[in-house]
Each structure stands twice: as C-alpha cells, then as structure tokens.
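Chemist: Residue strings, one per chain:
Number of protein chains: 2
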Amino acid sequence: MQTHFEQELAELKNKLLTMASHAETSVTNAIKALIDRDDELAQKVDADDAIIDHLEMEIDEMAIRLLAKAPLASDLRLITVAMKISQNLERVGDEATKIARRVQDLNQEPQLKPYVDLPNMAKIALQMLKTALDSFVNRQPDTAREIIPRDKEVDLLNKQLHRELASYMIEKPSTITRCLNLMIISKSLERIADHATNVAEEVVYLCEARDIRHGG
Amino acid sequence: MQTHFEQELAELKNKLLTMASHAETSVTNAIKALIDRDDELAQKVDADDAIIDHLEMEIDEMAIRLLAKAPLASDLRLITVAMKISQNLERVGDEATKIARRVQDLNQEPQLKPYVDLPNMAKIALQMLKTALDSFVNRQPDTAREIIPRDKEVDLLNKQLHRELASYMIEKPSTITRCLNLMIISKSLERIADHATNVAEEVVYLCEARDIRHGG
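Going line by line, the protein sequences match chains D and E.
Here the first sequence is numbered in this note's numbering, starting from 353 and rising by one per residue.
Here the second sequence is numbered in this note's numbering, starting from 353 and rising by one per residue.
Some hints could be false.
All copies of an identical chain are treated as equivalent in the list; a pair is satisfied when it fits inside any one copy or across any two copies.
Listed below are the simulated EDC-like cross-link pairs for lysine to aspartate or glutamate, each with C-alpha atoms no more than 16 Å apart in a straight line [stated by the list, open to error]:
no.: 1; residue 1: K482; residue 2: D469
no.: 2; residue 1: K450; residue 2: D507
no.: 3; residue 1: K511; residue 2: D457
no.: 4; residue 1: K450; residue 2: E505
no.: 5; residue 1: K450; residue 2: D391
no.: 6; residue 1: K465; residue 2: D503
no.: 7; residue 1: K475; residue 2: D503
Worth flagging that the hints you see were computed from the coordinates, not collected in a lab.
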C-alpha cells in the first residue's frame, strides 16, 4: 500500500506529465499554425501559455511542501529534479508562444517559400522532449543519455538555416522582415531542444546521482 | 553561536555570491570587448564560463545535501531559491559567452557605428542583477519588487534596436551580417534582464512565501 507521501509524490509526477503534454501540444500547434498560416491557432498557443505557467507554480508549491517530508535522499533528488523539469517545460511553453507571435507577423505577408527545415527541427526537438519525459517516467538513464547528442543536430540545422536566411536577405532585401521572423522561430526550436537536453541530464542525475551537465 | 547547519547555509550563500560576481564580470567584459573591439577579452569571457558552470554544479550538490538536513520550512525555501538563482546566474554566464562570440565575429569587419544603446542596455541589466542579488543578501523584498518593472524598459530598448537594425539592413544590405550579430547581442542583454527579474521574483517568494511569477 502506498503511504500518503508516496501518493503525493505520484501526484507531483502526474502534474509534471500534464504540464509536459501541454507544452508539447503548444509547440505542435505553433508549428501547425506556421504551416497552415492559421492566426487563430497561433492565438490559442499564446492563450494556453497561462495554463503551463500555472502548472509550474502548482508544481513548485507541491514540491516545497513535499521536500519538508521527504524521508530519503532519493526522494529529495526526485523532487528537485521535478522542479527543474517543470522550469524547463515552462520555458518550452514560452518558446512556443514566441513562435506563435512570429507566425502572426509572418501571416501578414505572403509566404516566402515552403517550410521544410523548421518542421523537421520541430519534429526532432519534440521527439527529444517526449523521449526525455518517457525516460523520466520509466527511470531509463540510458535512453536519456541517447537524447543528448541530438541537441548538436538541431544546433547545426539552426546554424544552417540562419546562414541560408542571411544570404537570402542579402539577395532580396524585401524579404528581411520575414527572414528575421523565421530566424527567431528557428532559434526557438533550437532552445526547445536545449530544454529537452536539460531534462535528459536531470534524468541521468536522478537515476545515477551523477551530474553530467557541462560535460561533468 | 552558529550551528553546523547554519555554517553550511552561509557557505552556500557565499558560493552563490561568488558565482554572481563571476557572472557580472563576464557580462561587463563581454560589453567591454564589444566597445574596445578586444578579441582577447572576448575569448576570456568564453573561457571563464567553465568557472560559472562549475559553481552551479557545486551549489546544486551543496543544496541537495542541505535539503536533507533543513529543519525549517524557511530553510527549504532558502535552499530551493538558492538553486533557482544559481540556475539563472549560469544562464547569465551563457549569454555573456554568446555576446563574446558575436563580438569576435563583429571584430572581423569595420565597426558599423558607435555603440550607444547596447552599453546602456547592459548597464541597466547589470544594475538589475546586482540589486536583485543585494536584495537576496539583505532580504529586502521591496527592493526586489522595484526591479521587476525595469525589465519592460530593457524589452523596449531591445525592440527599438531590433527595428532600427532591421531598417538599416534594408537600406544597406552590406551591413546585414553585422546587424544580425548586433541583434543577437541585444537579445542576450534582454535575456540577462529577464534572469535578473527571475532572481528578484525568487527573493520576493523567499521573503514573503508568495509566488509573484506570471502575475501571480
């Protein structure tokens, strides 16, 4: 039978998964709004950010309450890791909002060209985030470790796209505003991959009590 | 007489202040490197980031150890706040590094024009960060609260500069690469102000046990 403390800990984890699902949906919607040129969906992403923000505050509150009762060092680790994951998810939500705002700007001008790289970057970043969360739920440090090198892949795609857009701007100065908006979206996706990497590093720390951040 | 726990808590706070001082120096150096077109100083900022990263890991380790012994709810709050401040400082260090890398890029071309807005933004952001840390040390939630509206000031400066640089790029496409680098620096300074704001919000939470993030 679960103790009351264990029940509360399970509740904390559930809330974190709810938050993750909201954050993932917002990123998916933001990119869908980009491709479909859908202002309404972009506005929804913006509005939904309040839900994610609220979940972060609830998780922090629960976490602090639970820290006071945590009997084991491993529980302390789990709770602080939950707080850190929640902070990363909150930032994923912020990035989704940033993308959604750029989309609304982009929708005021004709589309520059079909989007290939951005949906691809989004797909990788979301996959990283999803796998990182799964590795948290199932306590799989090896799965978490596998995510980390993918961050470089997304970094590279962002750099390539940045360079491509910069050349485009030089050739056709009339596209500058649109190119800048696309650069910001690309950068946001790169940051979402960073957050997924942070989550993965926290999972390794949780499972192995070893800090692998900063090449440690 | 201080208990052993209190001594350790004081040590945690000292380490945090050391970290803050490194982060502030790195931002100051990054902007100095921009103005003086000093590649060597920019490289130093990049190298010094490892010190900041290492301090973050040390603080987290101390914090988790202390959480296990914290006798009071207020200690738990202090320790989790210290962890969050440390995370923000680590990101300030990252932004300084980002600025330093852009500076090295900018140094390969003639200077576009004298820098006025960027040093001004840096000054405000650093002042915010310093005041936020002081309000933490002296437990002054009112001082911390006063910082928060200044974030909008830096946001506005960043938006203005972004717009100005975008127009400049349209007029003179040969300046595009330099303008992009300056935009990235401006964005980094805006983020440093965000981190200072986060620290201030944590101080209010610490002193008043009230979460004022997200307009709460």
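Chemist: Of the hints given before, which are not true for this structure?
Modeler: Hints 1, 4 and 6 not satisfied by this model.
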